[in-house]
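Peer 1: Sequence:
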Amino acid sequence: MDLVEVRGDHYQIGFQIGQATADKIAAVLSPKPLSPGFQKRVAALAPIHERAFPHLFAELRGMAEGSGQDFEKLLAWNLFEQTGCTSILSLGRGGFLAHTEDGNTIFRGRLTLVKMHLPDGDTALCLQYPGELCGNAVSVTSRGLVFSINFLWPKRLANLGYNTNFLAREMLGAPSLEEAQKCLAAWRPRIDAYHWFVYSRPEKQALSIEVLVDRESAVRLEEGIHFHTNHYLHVDTRDEPQEEYPSSRARLERLSHLVNTQTTKEQALRALSDHKGKWPICRHGGEDSLTLASISVDLNTLKMAVVEGPACHPKDYL
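Residue numbers for the sequence shown, in the UniProt record's numbering: 1 to 318.
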């Protein structure tokens with residue numbers, strides 16, 4: 001997997017990412033123009049996001065110019081992306097995050113690790129999809145925060161509102177768990193929904209956050225093992241009407257048999273490599289997408305290890 005290091009203002013960061021990943025972006029973006037209906041939808045959502053996140057619009061403009069792509073098409077790409085993933089968070093001695101990044105087979109071999117030196121002096125290491133803002137997979141920041149994110153499938157979403165790719169990128173600047181919560185609460189309603197595990201090394205605490213159209217459910221996690229897939233689990237969200245996604249429930253059920261409070265990082269990664277059942281945790285394509293990468297983060301050192309695809313030989317990135 002490629003590792004790209006970028007720095008500068010937001011436009012420069014986007015431009016450098018675009019240049020470095022131009023071939024990957026070209027491989028996943030359709031050469032066809034946006035349909036009239038899609039253009040209308042993007043035109044309605046664009047000013048909402050530009051007013052809220054002008055600096056991220058600059059990042060996207062830089063990415064479009066650096067990669068030689070049409071900005072409107074790249075914006076649309078960021079507004080309507082979905083993935084399904086599995087996350088395990090272990091808190092306490094030897095704590096870790098273990099996560100599979102699952103998505104369309106078009107992304108096979110096309111994810112990138114991006115280390116951003118941000119304008120405010122912070123840094124963030126992010127697993128990045130081609131053409132997308134950083135933050136919507138697994139990220140580690142110099143503030144000591146670790147993020148993982150999984151798509152949710154509620155039936156109730158806003159027609160006009162904020163998109164998670166922009167919110168996830170904005171959250172990379174959060175200095176604390178409280179500020180991460182405030183960041184999400186500031187931008188409602190939402191046109192899509194995700195779950196976050198957020199760990200703060202300075203605070204030695206973690207949150208599980210499930211997002212709905214107009215509110216968030218945040219649970220402060222106790223020491224032990226926690227996992228999440230792609231449906232609502234919190235007491236105050238589990239009755240939210242949501243699309244049926246059998247893979248999500250099957251993976252969660254399987255995890256409940258494979259991991260416990262004594263599970264080590266190595267054992268968790270083996271669990272994420274499990275292939276049993278109709279909807280296995282480790283996916284090799286077909287009707288239920290592909291495991292594009294497996295990621296682990298040591299919560300003490302914040303060291304990230306990545307396996308590209310459903311593989312077994314990690315490469316470390318500092």
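For the record, the hints were derived by calculation from the structure and aren't laboratory data.
Among the hints, erroneous ones may be present.
[What the hints assert, rightly or not] Subject to a maximum C-alpha distance of 25 Å in a straight line, what follows is the list of computed BS3-like cross-link-like pairs (lysine-lysine):
#	residue 1	residue 2
1	Lys115	Lys278
2	Lys204	Lys182
3	Lys204	Lys303
4	Lys204	Lys276
5	Lys155	Lys204
6	Lys115	Lys32
7	Lys276	Lys303
Peer 1: None of the hints should be skipped; say for each whether it holds.
Peer 2: Tested hints:
no.	hint	verdict
1	Lys115 / Lys278	violated (37 Å)
2	Lys204 / Lys182	holds (19 Å)
3	Lys204 / Lys303	holds (16 Å)
4	Lys204 / Lys276	violated (34 Å)
5	Lys155 / Lys204	violated (35 Å)
6	Lys115 / Lys32	violated (31 Å)
7	Lys276 / Lys303	violated (30 Å)
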